[in-house]
Amino acid sequence: MSDIDPHHLRLVEAIVFAATEPMTVGEIAARLPEGANVEALLAAVQSAYAPRGVNLVQAGGTWAFATAADLAPWLRRDVQVEKKLSRAAIETLAIIAYHQPLTRAEVEDARGVQLSRGTLDALLAQDWIRPGGRREAPGRPVEWVTTDAFLRHFGLESLDALPRLEELKAAGLLDNRDALQTYSEGDPGLHEAHDGPRGVVGD
Amino acid sequence: MSDIDPHHLRLVEAIVFAATEPMTVGEIAARLPEGANVEALLAAVQSAYAPRGVNLVQAGGTWAFATAADLAPWLRRDVQVEKKLSRAAIETLAIIAYHQPLTRAEVEDARGVQLSRGTLDALLAQDWIRPGGRREAPGRPVEWVTTDAFLRHFGLESLDALPRLEELKAAGLLDNRDALQTYSEGDPGLHEAHDGPRGVVGD
Amino acid sequence: MSGAAEPGPAAEDPEVSDPEVSDPEASPRDFVVDLEGFEGPLDLLLTLAREQKVDLTQISIVRLAEQYLDFVAAVRHADLELAAEYLVMAAWLAYLKSRLLLPQAGPADEPSPEDLAARLAFQLRRLEAMREAGADLLRRPRLGIDVFARGRPEPIEANTETVFHASLYDLLRAYGRWHARNREAPVLQVAPSVLDSVEKALERLRRGLGRSPGWESLSRYLPPAILGRFDGDSLVARSGIASTFAAALELVREGEVALRQTSPFGPIFLRPVHRDGVPR
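Residue numbers (this note's numbering), protein chains in the order written: chain L, 1 to 203; chain P, 1 to 203; chain B, 1 to 280.
Hints are computed from structural coordinates only; laboratory data are not their basis.
Among these hints, one or two may not hold up.
[Stated by the list, open to error] Ranges of calculated distance between the beta carbons of each label pair, as one might list FRET restraints: (1) P/Ala43 with L/Gln46: 20 to 28 Å; (2) P/Asp127 with L/Gln46: 45 to 53 Å; (3) L/Glu167 with P/Arg117: 52 to 60 Å; (4) P/Leu115 with B/Ser212: 51 to 59 Å; (5) B/His165 with P/Ala30: 44 to 52 Å; (6) P/Val142 with L/Glu167: 30 to 38 Å; (7) L/Glu136 with P/Gly133: 29 to 37 Å; (8) B/Gly214 with P/Pro131: 55 to 63 Å; (9) L/Ala161 with P/Ala43: 32 to 40 Å; (10) B/Ala83 with P/Gly133: 34 to 42 Å.
Backbone N, C-alpha and C fix where the C-beta goes; we use that ideal spot for every residue, glycine too.
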């Protein structure tokens with residue numbers, strides 16, 4: 001890495017370290033002298049810190065220092081009581097993470113039950129999901145996607161790092177077709193019974 | 001330094017890094033396995049970080065990480081003080097976002113109180129709102145609209161991505177109660193505990 | 001939704017302890033708790049499917065439908081409330097089961113029962129996969145629990161710039177609250193007055209003053225709405241005249257203008273004045 005300026009390396013360390021929030025590559029670049037290769041610098045800092053007790057961690061488009069994951073057993077004890085997420089919230093989060101972008105109705109289809117008030121709210125409050133636009137479909141519903149804060153919280157570099165992603169893909173479980181659609185047509189499952197839950201509508 | 005356990009070294013780094021206050025040797029020792037030579041460990045960490053952009057610094061019997069002093073000239077210009085937006089300001093911003101363009105008088109009507117001087121100023125200083133023209137009405141008052149910086153800050157692709165009323169309702173956000181109350185009503189989709197609304201701080 | 005009145009206390013109903021459905025020792029009260037533990041028909045189906053102890057890809061949908069229908073029958077037998085969605089699923093499963101067992105040509109445009117069964121199986125597999133994925137996520141080293149960000153913000157003294165912080169959640173929550181507040185306690189909406197106020201007249205006068213150095217007619221400063229179409233009977237016009245006149249007097253009192261009227265009911269003129277009383 002002959003193109004790495006040691007001064008720039010130290011600056012990147014200090015800049016990311018001093019920031020109160022994780023920083024994007026663009027934000028870091030804006031604070032470095034013109035022409036600095038931020039990607040290469042970040043990679044160099046990351047590998048320099050990899051064996052240490054503090055690591056440089058990427059989450060989506062943002063970078064921050066954090067304690068090494070393998071030290072968790074020694075650090076965990078001084079944490080405040082963890083806020084428990086409901087089962088519905090975790091399930092909803094997983095469904096959005098693996099299928100995004102996803103409308104509320106599609107989440108309800110996947111779970112076969114209406115989302116209770118507060119489930120999306122809880123995920124929003126954690127800053128783990130955000131509205132990512134609107135579906136070009138009747139009613140133009142909001143599509144939900146996960147955030148970089150979600151990636152950071154669960155120590156994921158990107159969505160590609162989601163657990164068992166390949167396995168689920170290979171099993172066809174991330175396809176949206178071929179499921180019973182209970183909610184995505186707007187009617188919360190109240191219809192002629194012999195039609196099946198939402199008539200088992202085909203595509 | 002043959003008496004330095006590399007695992008302990010990493011632990012010291014992580015402990016001091018994650019601490020909210022500079023730590024005394026005694027406090028660090030209390031979190032390390034029995035018999036660890038804290039003084040030697042701290043000295044080792046200090047020398048390991050000495051050439052880096054982040055240093056381990058001793059001050060008055062306490063230890064903490066800090067950015068290297070010689071980098072201050074490059075870091076100084078970037079320092080920002082984070083403040084939470086007042087409740088009045090966030091509400092004003094939300095009303096403008098959803099109903100723009102709006103005059104000051106219309107915001108005051110909507111909120112039922114006069115806007116204090118600082119409220120629009122704070123939103124303007126943040127570059128979240130801008131004057132979008134003048135209303136063709138007596139006095140030709142300025143109409144306020146939100147900016148692209150607003151969209152960027154809140155991670156919205158467009159104004160269209162703001163959840164609609166019924167979507168807010170479905171997400172449990174259309175509610176006058178405190179989040180704390182909302183969360184304690186036994187809805188299966190809810191957290192067991194919650195911090196309450198973040199950032200909604202009165203002025 | 002619950003069945004017709006059942007005689008006697010439900011606890012004595014032998015159907016309730018159907019081993020197919022729940023623990024033989026369980027009382028109806030436990031049963032309620034059991035049902036409330038389920039998050040909808042799919043969740044219940046998934047739990048029942050696990051009892052078959054086979055891979056979900058091998059599951060017998062007919063057998064599953066029977067288990068589900070037995071469960072629902074037992075719940076209703078115990079005269080317990082069952083949400084509509086469970087009943088809808090029950091009716092559909094009964095229909096699916098009959099079509100699977102008695103193959104007959106359905107309408108050409110309808111999916112075959114095997115197809116429907118496959119879709120149901122897919123949905124169960126997907127839900128189970130998402131559940132496991134959620135559990136996997138929770139097992140990862142989590143920020144603030146297993147892994148920690150820097151604990152102490154950097155104390156650098158410098159040219160500080162205030163940055164206000166607010167999240168999208170804060171924004172949406174604020175809007176939701178405001179909206180709810182408005183709906184719950186409607187604020188008395190007073191339409192903006194069409195009448196002219198002294199404040200507005202003062203503003204008009206101050207804006208216009210100094211544009212012409214000498215005497216000019218006060219009527220120039222009437223509200224734009226009534227300028228030119230002078231209608232003394234209109235309330236709007238009268239308020240405009242009164243407020244403009246009052247504003248002019250106010251400016252005289254503050255020493256900003258001088259007023260002149262040469263005859264009773266004649267036109268009124270005004271002209272700006274310096275602080276020391278000299279025309280400017």
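We went through each hint and held it up to the structure:
For the hinted restraint 20 to 28 Å between P/Ala43 and L/Gln46, the CB-CB distance of approximately 26 Å keeps it satisfied. Distance hint for P/Asp127 and L/Gln46: a CB-CB separation of about 32 Å, inconsistent with the stated range 45 to 53 Å. Taken as a hint, the range 52 to 60 Å holds for the pair L/Glu167 and P/Arg117, whose Cβ atoms sit roughly 59 Å apart. For P/Leu115 paired with B/Ser212, a C-beta distance near 36 Å fails the hint of 51 to 59 Å.
Distance hint for B/His165 and P/Ala30: a CB-CB separation of about 34 Å, inconsistent with the stated range 44 to 52 Å. Between P/Val142 and L/Glu167 the beta carbon distance is about 57 Å. The supplied range of 30 to 38 Å is therefore violated. Evaluation of the 29 to 37 Å hint for L/Glu136 and P/Gly133 yields a pass: the beta carbon distance comes to about 30 Å. At about 36 Å, the beta-carbon gap between B/Gly214 and P/Pro131 misses the expected band of 55 to 63 Å.
One distance hint, 32 to 40 Å for the beta-carbon pair L/Ala161 and P/Ala43, holds here, with the actual separation near 37 Å. A hinted range of 34 to 42 Å is violated for the C-beta pair B/Ala83 and P/Gly133, which are about 52 Å apart.
Going through the hint list in order, the structure does not satisfy hints 2, 4, 5, 6, 8, 10.
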